[in-house]
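What follows is the residue order along each chain.
2 protein chains.
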Amino acid sequence: MKAHIITIGDEILIGQTLNTNAAYIGERLSNINIDVRTSSVVGDDEGDILKEFDRCWKKNDLLVVTGGLGPTHDDITRKCIIKFFKTELIQNNDVLEDIKFLFEKRKREVTKVNVDQALVPKIAKVIRNSRGTAPGAWIEKDNKIFIVMPGVPSEMEKMMTSYVIPNLKEKLGVPEFTILRKTIYTTGIPESTLFEKLGDIEELLNGAGLAFLPSIFGVKLRITVKEKDEETAKNKLSEVEQKIISKAGRYIYSRDEEALEAVIGKLLKDRNLKLAVAESCTGGYVSNVLTNISGSSEYFERGIISYSNASKVEILRVNEDTLAEYGAVSIEVARQMADGVKSIAGADIGLAITGIMGPGGATAGKPVGLVYISVCDDKVCTAKEFRFGEDRLLNKQRTSQAALEMLRRHILGITQDE
Amino acid sequence: MKAHIITIGDEILIGQTLNTNAAYIGERLSNINIDVRTSSVVGDDEGDILKEFDRCWKKNDLLVVTGGLGPTHDDITRKCIIKFFKTELIQNNDVLEDIKFLFEKRKREVTKVNVDQALVPKIAKVIRNSRGTAPGAWIEKDNKIFIVMPGVPSEMEKMMTSYVIPNLKEKLGVPEFTILRKTIYTTGIPESTLFEKLGDIEELLNGAGLAFLPSIFGVKLRITVKEKDEETAKNKLSEVEQKIISKAGRYIYSRDEEALEAVIGKLLKDRNLKLAVAESCTGGYVSNVLTNISGSSEYFERGIISYSNASKVEILRVNEDTLAEYGAVSIEVARQMADGVKSIAGADIGLAITGIMGPGGATAGKPVGLVYISVCDDKVCTAKEFRFGEDRLLNKQRTSQAALEMLRRHILGITQDE
Numbered sequence: 001m002k003a004h005i006i007t008i009g010d011e012i013l014i015g016q017t018l019n020t021n022a023a024y025i026g027e028r029l030s031n032i033n034i035d036v037r038t039s040s041v042v043g044d045d046e047g048d049i050l051k052e053f054d055r056c057w058k059k060n061d062l063l064v065v066t067g068g069l070g071p072t073h074d075d076i077t078r079k080c081i082i083k084f085f086k087t088e089l090i091q092n093n094d095v096l097e098d099i100k101f102l103f104e105k106r107k108r109e110v111t112k113v114n115v116d117q118a119l120v121p122k123i124a125k126v127i128r129n130s131r132g133t134a135p136g137a138w139i140e141k142d143n144k145i146f147i148v149m150p151g152v153p154s155e156m157e158k159m160m161t162s163y164v165i166p167n168l169k170e171k172l173g174v175p176e177f178t179i180l181r182k183t184i185y186t187t188g189i190p191e192s193t194l195f196e197k198l199g200d201i202e203e204l205l206n207g208a209g210l211a212f213l214p215s216i217f218g219v220k221l222r223i224t225v226k227e228k229d230e231e232t233a234k235n236k237l238s239e240v241e242q243k244i245i246s247k248a249g250r251y252i253y254s255r256d257e258e259a260l261e262a263v264i265g266k267l268l269k270d271r272n273l274k275l276a277v278a279e280s281c282t283g284g285y286v287s288n289v290l291t292n293i294s295g296s297s298e299y300f301e302r303g304i305i306s307y308s309n310a311s312k313v314e315i316l317r318v319n320e321d322t323l324a325e326y327g328a329v330s331i332e333v334a335r336q337m338a339d340g341v342k343s344i345a346g347a348d349i350g351l352a353i354t355g356i357m358g359p360g361g362a363t364a365g366k367p368v369g370l371v372y373i374s375v376c377d378d379k380v381c382t383a384k385e386f387r388f389g390e391d392r393l394l395n396k397q398r399t400s401q402a403a404l405e406m407l408r409r410h411i412l413g414i415t416q417d418e
Numbered sequence: 001m002k003a004h005i006i007t008i009g010d011e012i013l014i015g016q017t018l019n020t021n022a023a024y025i026g027e028r029l030s031n032i033n034i035d036v037r038t039s040s041v042v043g044d045d046e047g048d049i050l051k052e053f054d055r056c057w058k059k060n061d062l063l064v065v066t067g068g069l070g071p072t073h074d075d076i077t078r079k080c081i082i083k084f085f086k087t088e089l090i091q092n093n094d095v096l097e098d099i100k101f102l103f104e105k106r107k108r109e110v111t112k113v114n115v116d117q118a119l120v121p122k123i124a125k126v127i128r129n130s131r132g133t134a135p136g137a138w139i140e141k142d143n144k145i146f147i148v149m150p151g152v153p154s155e156m157e158k159m160m161t162s163y164v165i166p167n168l169k170e171k172l173g174v175p176e177f178t179i180l181r182k183t184i185y186t187t188g189i190p191e192s193t194l195f196e197k198l199g200d201i202e203e204l205l206n207g208a209g210l211a212f213l214p215s216i217f218g219v220k221l222r223i224t225v226k227e228k229d230e231e232t233a234k235n236k237l238s239e240v241e242q243k244i245i246s247k248a249g250r251y252i253y254s255r256d257e258e259a260l261e262a263v264i265g266k267l268l269k270d271r272n273l274k275l276a277v278a279e280s281c282t283g284g285y286v287s288n289v290l291t292n293i294s295g296s297s298e299y300f301e302r303g304i305i306s307y308s309n310a311s312k313v314e315i316l317r318v319n320e321d322t323l324a325e326y327g328a329v330s331i332e333v334a335r336q337m338a339d340g341v342k343s344i345a346g347a348d349i350g351l352a353i354t355g356i357m358g359p360g361g362a363t364a365g366k367p368v369g370l371v372y373i374s375v376c377d378d379k380v381c382t383a384k385e386f387r388f389g390e391d392r393l394l395n396k397q398r399t400s401q402a403a404l405e406m407l408r409r410h411i412l413g414i415t416q417d418e
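Chains F and W, in that order, give the protein sequences. Just so we're aligned: the first sequence equals residues 1 to 418 in the numbering used here. Just so we're aligned: the second sequence equals residues 1 to 418 in the numbering used here.
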């Protein structure tokens with residue numbers, strides 16, 4: 001089944017809103033082996049939308065459309081669907097009930113524009129919306145499927161998991177090929193170095209596919225195999241995976257598509273260790289990432305964002321003389337912060353970060369991007385210097401990933417890189 | 001000038017990577033009044049890429065392509081350009097020097113695959129890359145422009161600001177129309193309620209355009225006017241803006257496309273106020289957002305992530321009896337946290353958040369999504385209850401935005417909503 005995703009909205013084209021919907025839909029469709037070959041974005045213009053419907057409907061078996069179903073005047077997707085399929089609008093009472101129920105729950109009056117949202121294309125099966133007012137629609141014609149959903153991510157996501165994916169699976173039946181994918185997450189090694197470490201790529205892959213996906217968090221390696229039967233596919237995948245591990249194992253932190261913070265969470269939980277974090281320059285970024293993991297309260301004891309020097313001294317017990325002699329951005333202060341936060345929290349491990357994220361704050365000998373990270377337990381205290389770039393937000397992300405990787409290695413007893 | 005953006009990469013299609021590049025490019029092109037009408041994503045497949053080049057080149061004056069220029073075997077964009085424009089590769093010595101310089105700086109060996117990146121399409125002007133190894137290219141043919149850049153965001157962004165935008169501006173010359181846009185940021189009011197508050201939309205707009213952009217952070221209103229001369233455009237824009245302010249001013253926190261944390265930063269700085277933050281459930285999210293603003297160390301004194309009850313008592317001086325009687329997720333504890341963090345930091349304002357982000361952690365009478373937020377200064381201490389949804393990460397974001405909006409209103413003396 002060849003699929004295309006259309007996202008509707010000027011706000012996507014002019015970059016005011018990130019197209020997270022296309023990513024979400026692409027991932028879910030790929031997971032059930034639907035071949036998402038292309039996707040596109042079109043503005044809130046009737047002519048452009050109709051042209052795009054026409055072009056993509058001809059070339060694909062499945063068209064998934066999001067956006068432009070809201071209650072305001074600039075939402076024109078429904079009108080376009082009526083024209084494209086030469087159908088009409090009829091009121092759907094289930095949808096009307098849903099809308100009334102939602103407004104009752106939120107203790108708000110149902111407005112005229114919301115009632116109008118219960119009008120749906122006559123030829124469509126309705127996809128009900130449990131999180132908002134705009135219903136989705138599923139249209140089948142000429143042996144093809146056209147799906148439209150609202151652009152609000154949480155509403156679309158709920159429709160995908162509870163209706164679209166189950167119904168598509170049923171349509172697909174037993175697949176002709178088995179396509180398996182596996183993504184290996186690495187960090188701390190540049191793309192080209194990793195590529196060379198893997199040696200002769202044709203030999204390593206033996207017909208499988210391998211994509212390099214670099215980002216500031218590291219390089220992901222995505223292996224893809226396509227075989228007639230599942231057994232062969234699984235063996236092939238495992239073979240390539242093992243070869244990659246043997247060549248670059250040291251840089252791999254996940255083979256289960258887990259973020260570094262999830263990997264660390266499991267390591268801490270398994271070992272029954274408590275973590276405390278002291279952040280200066282990252283301002284809460286690292287703690288936030290760690291606590292994005294559900295259940296993190298089991299191992300994340302507390303975090304101190306010691307932005308001011310006073311807070312470093314008062315809470316973390318950093319020595320005032322050390323601060324005066326070496327400055328807040330120094331390997332000495334990083335060590336004392338890590339040791340201090342561990343002690344006051346009664347935790348097993350302390351992680352600390354101090355640095356200059358920019359654009360301001362540089363001093364003689366201490367440029368923007370200079371960062372010190374330290375990890376301490378009761379026996380070992382490691383600290384490292386890093387030199388990142390000039391962008392404040394990128395620096396926060398890079399620093400966080402480096403700190404988490406130091407933490408992972410510390411827990412596993414892997415030596416830190418030079 | 002009609003433009004189309006093509007992003008190349010399977011990782012975008014299957015949702016492993018968010019298409020931030022298309023958003024960035026779309027925004028920058030729109031800012032100089034280039035009409036980005038459509039954009040598309042195509043996978044790492046030569047046939048698909050060449051078809052997409054052909055289709056989009058015919059229909060547009062400007063084509064901007066990113067992705068697939070890296071050093072590994074799955075990067076095939078350069079090969080496709082050579083075929084599409086029927087040209088050849090030649091070595092560019094400036095690029096070779098750039099690559100050598102970059103590797104020297106990073107203290108790494110130049111590898112063969114990197115040297116090959118100095119090969120560029122003969123008919124192209126090279127766009128040099130100061131942040132990575134893959135050069136970009138600018139090709140002019142048949143009175144149209146084709147631009148290709150690497151997919152690594154920081155490299156592409158640097159090329160856009162230092163080369164692509166200045167050169168496009170020069171090409172464009174004096175514009176025929178003046179298109180002006182203004183986006184007004186609101187929060188704390190649903191889209192449909194806001195729509196109804198604005199009344200007769202045709203009358204309000206009088207020919208201007210207005211888009212409603214809802215997200216979990218609030219609803220943005222984007223006004224667009226297109227006029228022959230700049231003076232008329234400016235007046236029209238200002239007229240619509242004033243009408244919107246008169247009808248929904250209370251919910252507007254920015255008319256300069258500033259995030260709420262940037263608005264708050266200015267308010268604190270102007271009034272010379274120091275802020276301290278105590279977070280439980282948000283785990284550092286709010287402090288991180290506040291410290292994303294450059295110069296925030298002037299007003300952000302410290303943050304305490306009091307995840308454990310022990311940390312609430314030891315650092316924030318929350319009363320143990322209050323904790324036992326009302327529980328950590330209570331309006332009483334929120335107030336004590338806000339007051340406590342303000343006192344220990346010697347700050348003017350304390351902001352505190354406690355709640356249940358889910359999916360675990362719910363207890364009898366305290367469901368997932370329950371949040372208490374408090375803002376205190378030396379005279380006034382406000383606290384409010386919120387009930388958000390079930391998704392952990394969305395809850396963190398919603399809670400943060402609600403906390404910042406309470407803080408904004410507190411500073412400005414605007415009464416909090418019921």
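Please note: incorrect hints may appear among the correct ones.
Calculated pairs, DSSO-like style, for lysine-lysine (alpha carbon to alpha carbon, straight line, at most 30 Å) [claimed, not checked]:
| hint | chain 1 | residue 1 | chain 2 | residue 2 |
| --- | --- | --- | --- | --- |
| 1 | F | K182 | F | K59 |
| 2 | W | K226 | F | K107 |
| 3 | F | K83 | W | K226 |
What the hints contain is simulated information worked out from the structure, not anything from laboratory work. Since we're looking at a predicted model, the values are computed, not measured.
Structure-based check of each hint:
1. K182(F) <-> K59(F): Holds. K182(F) to K59(F) sits at ~29 Å (cutoff 30 Å).
2. K226(W) <-> K107(F): Given pair K226(W), K107(F) is violated - Cα atoms ~40 Å apart, limit 30 Å.
3. K83(F) <-> K226(W): holds, 28 Å
In summary, the structure is inconsistent with hint 2 from the numbered list given earlier, while agreeing with all the others.
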